[in-house]
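*Asks:* So the protein lines, in turn, are chains A and B. First residue of the first sequence? That's 1 in the working numbering, and the numbers climb one at a time after it. First residue of the second sequence? That's 1 in the working numbering, and the numbers climb one at a time after it.
In case anyone wonders, no lab produced these hints; they're calculated from the structure. One or more hints might be untrue.
For chains that are exact copies, the list does not tell them apart, and a pair is met inside one copy or across any two.
What the hints assert, rightly or not - Subject to a maximum C-alpha distance of 25 Å in a straight line, what follows is the list of computed DMTMM-like cross-link-like pairs (lysine to aspartate or glutamate): (1) Lys53 - Asp141; (2) Lys53 - Asp147; (3) Lys53 - Asp181; (4) Lys43 - Asp184; (5) Lys53 - Glu24; (6) Lys53 - Asp28; (7) Lys53 - Glu100; (8) Lys43 - Glu79; (9) Lys53 - Asp184; (10) Lys53 - Glu87.
Protein chains: 2
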Amino acid sequence: MTMAKRDTYTPESLLAVAVEVFNERGYDGTSMEHLSRAAGISKSSIYHHVRGKEELLRLAIARALDGLFGILEEQGAGEGRAIDRLEYVTRRTAEVLMAELPYVTLLLRVRGNTGTERWAMARRREFDQQVAELLAQAAADGDLRGDVDVRLATRLLFGMINSIVEWYRPHGGHSHGRDEDVADGVVRMAFAGLRTT
Amino acid sequence: MTMAKRDTYTPESLLAVAVEVFNERGYDGTSMEHLSRAAGISKSSIYHHVRGKEELLRLAIARALDGLFGILEEQGAGEGRAIDRLEYVTRRTAEVLMAELPYVTLLLRVRGNTGTERWAMARRREFDQQVAELLAQAAADGDLRGDVDVRLATRLLFGMINSIVEWYRPHGGHSHGRDEDVADGVVRMAFAGLRTT
């Protein structure tokens with residue numbers, strides 16, 4: 001047994017540890033005991049900061065959602081043709097995913113067993129829905145190819161963006177250069193396609 | 001307690017039940033007891049067919065891999081320009097994923113804790129590698145836009161295709177029409193992009 005470290009955690013640094021454990025073990029598979037061991041502080045010290053693991057989940061999910069919904073408030077998401085706003089939101093979504101990687105990873109993995117998880121899934125669907133509306137508007141403007149199925153395209157677009165969590169590592173540990181290059185790659189494949197011919 | 005059903009399983013139908021349980025509980029979280037309950041036959045009846053759960057995993061993964069590697073043997077994957085072969089392989093990969101949904105889902109989820117899982121991951125990387133080589137060849141032929149990063153594009157392409165397992169339900173339960181329409185949507189977004197402008 002190791003001695004418990006003195007509790008020098010802030011709510012934010014405790015959250016960072018909790019998110020790591022949730023992503024590794026799954027939220028359902030994580031107990032307060034696991035969190036206590038990972039943080040190196042006693043369970044009662046954790047209870048000093050939060051009511052329990054579901055509150056840590058809610059805080060972590062809220063951080064991911066704030067990042068994503070924040071995009072929709074940005075100028076590039078609100079001004080100009082729908083196709084350009086859609087492209088802007090696509091790029092920024094990829095960027096936020098990389099900047100808030102553990103938090104967005106957790107958001108993408110929740111499965112709806114608790115109230116907090118169901119709330120997370122509902123909010124995620126809302127975000128997807130707002131992007132789907134941009135796609136529909138771009139189609140109405142004649143800026144999408146005529147054969148594009150809006151709902152399918154929305155799913156594939158998020159499928160491509162969200163897959164970044166499977167391999168992306170901060171600080172270029174993935175050999176695709178800077179975050180900007182990754183976001184560029186997503187935007188180019190989705191909007192211009194691979195082919196020249 | 002319900003009475004155990006008479007064992008009318010074939011190796012194939014037992015496999016179908018096992019794959020369902022693996023996908024639902026995770027391979028690590030599945031015991032022979034879970035499999036016995038889901039199949040409605042005793043553990044010893046299961047051992048009559050296979051040596052244990054790892055053999056069921058191996059059979060299931062082999063079925064997914066046979067489907068995927070089979071694509072590379074098809075005429076469309078071997079003849080013509082690399083860009084057309086790549087497009088053919090993309091379409092067929094999406095089709096095989098939908099046709100063998102539970103098996104490919106399992107393949108995509110294994111994480112490498114056992115020898116069988118590590119073999120699955122190695123074979124999956126081999127498949128990805130062969131597709132990456134087609135992409136590289138298409139780039140060398142001048143048929144890919146010059147700004148395409150081959151490794152990143154390979155990852156995003158598989159990210160898009162593999163995301164189909166998250167929402168696809170057989171028999172059109174997903175409102176995107178036939179499997180063919182879904183495969184078309186993938187090919188169009190990846191190769192032609194969304195934009196007309």
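*Asks:* A separate judgement is required for each hint: does it hold in the structure or not?
*Replies:* Verification of the hints:
1. In this homomeric assembly, Lys53 and Asp141 never come within 25 Å of each other (Cα to Cα): the closest approach is 46 Å inside a single copy and 54 Å across copies.
2. Taking the shortest alpha-carbon separations for Lys53 and Asp147, neither the intra-copy value of 46 Å nor the inter-copy value of 45 Å comes in at or below 25 Å.
3. For the identical chains of this complex, Lys53 and Asp181 are neighbours neither inside a copy (36 Å) nor across copies (43 Å), given an alpha-carbon limit of 25 Å.
4. Taking the shortest alpha-carbon separations for Lys43 and Asp184, neither the intra-copy value of 44 Å nor the inter-copy value of 53 Å comes in at or below 25 Å.
5. In the homo-oligomer, the alpha carbons of Lys53 and Glu24 lie at most 25 Å apart both inside one protomer (15 Å) and across protomers (23 Å), since each shortest distance falls under that limit.
6. In this assembly of identical chains, the alpha carbons of Lys53 and Asp28 lie at most 25 Å apart whether taken from the same copy (10 Å) or from different copies (23 Å).
7. For a Cα distance limit of 25 Å, the shortest separation of Lys53 from Glu100 inside one copy, 20 Å, qualifies, whereas the shortest one across copies, 37 Å, does not.
8. Proximity of Lys43 and Glu79 under a CA criterion of 25 Å is satisfied in neither setting, with 48 Å inside one chain copy and 63 Å between copies.
9. For the homomeric pair Lys53 and Asp184, neither the shortest alpha-carbon distance inside one copy (37 Å) nor that between copies (43 Å) is at most 25 Å.
10. In this assembly of identical chains, Lys53 and Glu87 lie within 25 Å of each other by CA distance neither inside one copy nor across copies; the values are 37 Å within and 46 Å between.
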